[in-house]
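**Student:** Respectively, the protein sequence lines represent chains A and Z. So in UniProt numbering the end of the first sequence lands on 632, straight run, no missing numbers. So in UniProt numbering the end of the second sequence lands on 632, straight run, no missing numbers.
No incorrect hints appear here.
Because identical chains cannot be distinguished in the list, a pair is counted as satisfied if it fits within a single copy or across any two copies.
Below, in silico cross-link-like pairs of lysine to any residue (SDA-like), each with a Cα-Cα straight-line distance of 25 Å or less: (1) K431 - E170; (2) K109 - D288; (3) K350 - A584; (4) K350 - T585; (5) K291 - D581.
Please keep in mind that the hints were generated in silico from the structure rather than gathered at the bench.
2 protein chains.
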Amino acid sequence: MNIRSNPEKTVPAVTTGPLPSSRKIFASPDAAPDLRVPLREIILSEGAGEPNLPVYDTSGPYTDPSVTIDVNAGLPRNRKQWVLERGGVEEYEGRQIKPEDNGSVSTDKAARAFSAYHKPLRGLDGHKITQLEFARAGIITKEMIYVAARENLGRKQQLERAEAALADGESFGAAVPAFITPEFVRSEIARGRAIIPSNINHSELEPMIIGRNFLTKINANIGNSAVTSSVEEEVEKMVWAIRWGADTVMDLSTGRNIHTTREWILRNAPVPIGTVPIYQALEKCNGDPVKLTWELYKDTLIEQCEQGVDYFTIHAGVRLQYIHLTANRVTGIVSRGGSIMAKWCLAHHKESFLYTHFDEICDLMRKYDVSFSLGDGLRPGSIADANDRAQFAELETLGELTKIAWDKGCQVMIEGPGHVPMHKIKINMDKQLKECGEAPFYTLGPLTTDIAPGYDHITSGIGAAMIGWFGCAMLCYVTPKEHLGLPDRNDVKTGVITYKIAAHAADLAKGHPAAQLRDDALSRARFEFRWTDQFNLGLDPDTAKSFHDETLPKEAHKVAHFCSMCGPKFCSMKITQDVRDYAATLNDPNRVGMSMAGTAEDGMARMSAKFKEMGESLYLDAEKVKESNRVL
Amino acid sequence: MNIRSNPEKTVPAVTTGPLPSSRKIFASPDAAPDLRVPLREIILSEGAGEPNLPVYDTSGPYTDPSVTIDVNAGLPRNRKQWVLERGGVEEYEGRQIKPEDNGSVSTDKAARAFSAYHKPLRGLDGHKITQLEFARAGIITKEMIYVAARENLGRKQQLERAEAALADGESFGAAVPAFITPEFVRSEIARGRAIIPSNINHSELEPMIIGRNFLTKINANIGNSAVTSSVEEEVEKMVWAIRWGADTVMDLSTGRNIHTTREWILRNAPVPIGTVPIYQALEKCNGDPVKLTWELYKDTLIEQCEQGVDYFTIHAGVRLQYIHLTANRVTGIVSRGGSIMAKWCLAHHKESFLYTHFDEICDLMRKYDVSFSLGDGLRPGSIADANDRAQFAELETLGELTKIAWDKGCQVMIEGPGHVPMHKIKINMDKQLKECGEAPFYTLGPLTTDIAPGYDHITSGIGAAMIGWFGCAMLCYVTPKEHLGLPDRNDVKTGVITYKIAAHAADLAKGHPAAQLRDDALSRARFEFRWTDQFNLGLDPDTAKSFHDETLPKEAHKVAHFCSMCGPKFCSMKITQDVRDYAATLNDPNRVGMSMAGTAEDGMARMSAKFKEMGESLYLDAEKVKESNRVL
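Work the whole structure out from these sequences, hints included.
**Tutor:** If you want it as structure tokens, here you go:
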């Protein structure tokens, strides 16, 4: 090891503990009962009259009070055994860490090195290594069994018909089955329609799947900057992002300590970690794109493959012949990777080395099962440039590269924009599906207007929900600081929650068979004035509770069910009951829209009497409470 | 006057002054040069190389430094002259104000009365009064001329072809013309496809138009609550909401001082004010819906017609025969007006008096040109209940009532939900257009999922953008406090900005011929590192600037164009110039996607040399700045 380290630097402190009224539970899939697939169970209040709700849980052991978190040691490396037991890999002495891997940082500015060095694994020639290769061979891996259980959200079987009938979405050709089996996972991966980003060296991973026939996923970007953040902050940002629901995290660090930062993140990350290797390669040649070489880039890929990065953004579609297509754009080239490669191509007047060496890149990534995230270096940076020839020319090349990577046995997803007005989103999605053979699409937003700096989580959340509905498999978040500065911890949370909303809205609209269960549970809690259940079933119980407490009189908000303001807590239910009783008096309760004159006079008279008995104050008080808690 | 007043209470203080780098300008339409139609001109920095940008301005005189604001006196009543000069109205002694109009408030709890009493106008029989009646008669009113100029956003003529070509949206049958003429406004109103809510007694009004062939509008709800706010706060909330872009404001006050609050708001409101008269009627019978009578309700309508309310939400579609349709809903009836009427119908086992007296309501509202906003009392309160039979049965009745109101000469818009998953939004919109003869639709959100209390401005902003695109004419905002408590001033701003985003995204997607001008101006500013222009062109310059300042080193953010961080400010433009020069060297600059091998070798070689001369550091520094200002 030749890594500069400063042992006096602190070990990162991270946020731990369960979310409000939640506990970690584990599913044990029939196909592999030794697996412990985590879910979060939201515990409802006593008397809720319905079961607790299990929800998808990205947060890892950090929310499990029975686990002692030691960031210095990293998470347990359980998955290494899965990889070893299926064979075809070797442990070897990894690449030597070099000073330039950390931007040649001086010892006083060096971060503390991670406590341990794990020898890397790599695939042996002639053996299956990637999830794609196993899937094609008809082999169901533990990763596949794990994600199948995860996707079912605690269901052990298909929903009853009445519940499944909720799933009346428009899927635009996606085909989310009523229940996810390991075999379905395998078939989707074999088809290239889904990926499990899972470097064989990321032993801390809790596997997850990205594909349009599964739950829509979200990514959170983090990463240090020379000026404003540290290793400590970045590890906490990762833990914080997954606490609120980030399915994967990209480490976009630049500058010094880049290798060490990534090591800390990976060893503590239960979610897939993605990177853009060209960023680190650029640091290794002092930030001069012209000096980039294939050898330098390849060396960086090996470094990151050995660390356990699960997917690489590679801008191999920025071809020399496309660069002039950006000439008349309003915002030119806005992708950092894209402009680095454009500069290299122009300066050398050569085709991109990422394109010319694509076969070698595939061979290398296959050995570690690092997934491709084919980058959109020519993505539009403004509404004006959306869906233009430059963007689509690159997308066509990404389709060509997808097929090459598949032939090599690599898993692939495709990155997308960016800035796209609503009416061009579906066109973009459909073209991606067509050009890239249904490989998963992974988009940044898109932002549906350029006019709201400071609110781009919202401009892009609109586009993200729509493209998720149309078939996008993973949505890369945008925070309120987009275009303005570096996101802090609060911005990360706002970005993640906004994108959880977008992803869930997409799942509902696609007709995911279990998505609406949470909406319904929350709506019932809302209608029955079970305030704490309403908070806890939401994406951000803390904020919901604090907003509620902010407005209500102090005496009142200490009473769990608002009895002090609304009288009997069940009064709103009484209104419904009243309507239900009334409906039952009709001759034919199923008929609709018909005049009732002369058909149910007796029933109405009875109801009128009953209503008067019931006491009208119940009604009124319920109304007052509702009103006081509704936007005026 | 028999109105309790407390003269010791303060006069409301409101926010005044222009937005950053903005000035009020006025268009003078050719058809009526005496009209002064306000616009806000965003002043760009020196050297921007492009003209200042005029934008739609809802903020009234409050942002005009040349006007002295006196809330106690109210805004100038210019529009009274327009109404008088076209005749057909009489001034008369209005209805006597009664103690119950203010909830029988005691003198010590009474708000200060507004300073002046203006005798109301009403229409005379046999004369045209409403904008609809004038439009049908082929008469173009000043209001129509005014809104035509307003909708053109400062354009005096159709855009040049190159700019108009930007408008490549999908309009779903809407037909926004390239340029809005007064005659077009008249024809749309005559057709019932647009309304100008403009009570003849709201003389302070700056008229605006609501219809799907015009800019998408937004509404902000305000209103006092007995516990948490005052007249002062509500007047400021109105001024604050229009400062950020609310096109209309609904006063949903309940409890005491309801008449006085409304008077203060109206006399200071340059935007249309809407109300839900049943709320005040309910206060007049001590909150007991069963005691409501047609006479009491009618008296309340007269009271508010005389004050100058521009549109009334009337839940006349909640018919007795539909109530049982809500029996099996997850969230029953969630509209306050809807549940009041449902209760009344069940208690009396009678058809709703709003339905049985609808003709009389029309006759009354016509006399003052109060527009209908036909309320959706059976709107869904959860994803589970969206687009159900109860909702659609009511919508069909609203269609029937629309035709009655039109026959009576009244302007009409239709309220819509609520909670609707994405895949059901267009179905809802299309049904509204069909059932209601294209009368403008006015929806609350819709919220696209129920699972994010605390973030319902976002869950609903997604739905609002989509339904705006599909044809909804006005979007009623939802604030972060929805379902949890009363919105404060910050919540009002967040709600308004979120909905301005939704409305603008809708305009872009529909292909509004001028909408993209602002996106493009902002994108150019962004790409050229004109930071202050970027902030000022945005919807919320203050927040954009503060986010920017938060992250950047203090020395740097005092330099206007970031020169201290990025070297020459034009360096990012240099990248684009480089690409442009390169493109110019190609034999055929228009060809796309072809290999360039052997076709432009000389050009490439020249460019390579030129690039080396240019100095690579320019490039790099620009990249660093971009990176430092991008989400990591």
